[in-house]
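As they're listed, the protein sequences go chains A and B.
Counting in the working numbering, the first sequence runs from 1 upward without gaps.
Counting in the working numbering, the second sequence runs from 1001 upward without gaps.
Be aware that one or more of the hints could be misleading.
To be verified - Derived lysine-lysine pairs resembling BS3-like cross-links, with alpha carbons at most 30 Å apart: (1) A/Lys97 x B/Lys1149; (2) A/Lys9 x B/Lys1009; (3) B/Lys1054 x A/Lys7; (4) A/Lys39 x B/Lys1054; (5) B/Lys1009 x A/Lys97.
Bear in mind the hints are in silico, worked out from the structure with no lab data behind them.
Number of protein chains: 2
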Amino acid sequence: MANSIDKAKVPQATVPRLARYLRVLHKLERDNVPKVSSKELAERLDANAAQIRKDFSYFGEFGVRGVGYEVKYLIGELSKCLGLDQEWNVVIVGAGKLGQALARYRGFREEGFRLVGIFDSSRYVIGTQVDELVVQAELQLAEFVRENKVHIAIITVPAQAAVLVAQRAIEGGIKGIVNFAPVRLPAAPGVFIRQVDLSTELMVVSFYLSQNAQSRV
Amino acid sequence: MANSIDKAKVPQATVPRLARYLRVLHKLERDNVPKVSSKELAERLDANAAQIRKDFSYFGEFGVRGVGYEVKYLIGELSKCLGLDQEWNVVIVGAGKLGQALARYRGFREEGFRLVGIFDSSRYVIGTQVDELVVQAELQLAEFVRENKVHIAIITVPAQAAVLVAQRAIEGGIKGIVNFAPVRLPAAPGVFIRQVDLSTELMVVSFYLSQNAQSRV
């Protein structure tokens, strides 16, 4: 069954939800819960059971009606789908506050993302230590990516520097970018770019707050 | 027409997309582009034109076939929908690396989010300066939220402290929370909680990288 998952069929909006399901399932596993229904999952996630069943349907039929899903099996399938059955080498480019916060973020390592390097352009920052890593010069990024088979670059430099560092990472052979810089990176063939804008999260909240204000009228 | 938008009908997955559209439209406005088609928008966003038209349809018919959407009008409607036609008072709880990075994030202010306070529990951090704000004691959070009509709290404390600080903020009357702590906050009536997990962004990338590996097989 594992090989029958056609990832191209999974819609883009579904992928972040799969990550959320996986986190809840890990929690259930730690609590020694062997099985879970879509209804229970929905309650734990404040989500919709029908949506969950639909999302799971992309992987074939692994729920048994009335019995629920096997937690361990589901974790295995979701992990495989999300590419977490392998290790990914990751670098952070930009050792400012956000870069350092992300470097110390424990959740990454737990999911198989291995932070192998951190880079900055400032001579005041290059050579300093962030946890076990020494900050390297951005000029060495392409070479480092090439030599260390780095898959993913997290970009946390200021907006005006982001396009250049992305270019350097791509030169070195990077295949995936998570860009926190508030600027749109140009598309590059064979490179998947995920643009993260932290103000989006605030907008989702203001949307709902103004919705409540509306419904009180 | 503004009053005819029924926000309850806008699906949850649509809201972050609206925020993305708005950013691109702001860029078009700065470049003095008066009109844009869903196809042009789709190209700029690496998105699907049909999806964009569907998302816009929740606001009624504001596109004219073959002519496109009026940029200024669209910005106005999207902003209103996202609650950006008013100012929101925001506090950050947790003045560590991530809290400080977010406090300095310019995008917030531009969209009408006004950072009015930053809090921490460490006596080494309380009283220090983050930009124009002085870090206050977490114990004062509820009172501050009440007295300053704070709408939204951004939580960037460690996992074990998050539930308590959320409680304090809610006691003070907070209505919206963006939680970066890797722990699920309990639901509270009348409070909208947005859980942000930064490792989700990496998983979206690993999903696509492993998909490409699959399609090469």
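How the hints compare with the structure:
no. : hint                : in the structure
1   : A/Lys97 x B/Lys1149 : 28 Å, holds
2   : A/Lys9 x B/Lys1009  : 26 Å, holds
3   : B/Lys1054 x A/Lys7  : 24 Å, holds
4   : A/Lys39 x B/Lys1054 : 29 Å, holds
5   : B/Lys1009 x A/Lys97 : 38 Å, violated
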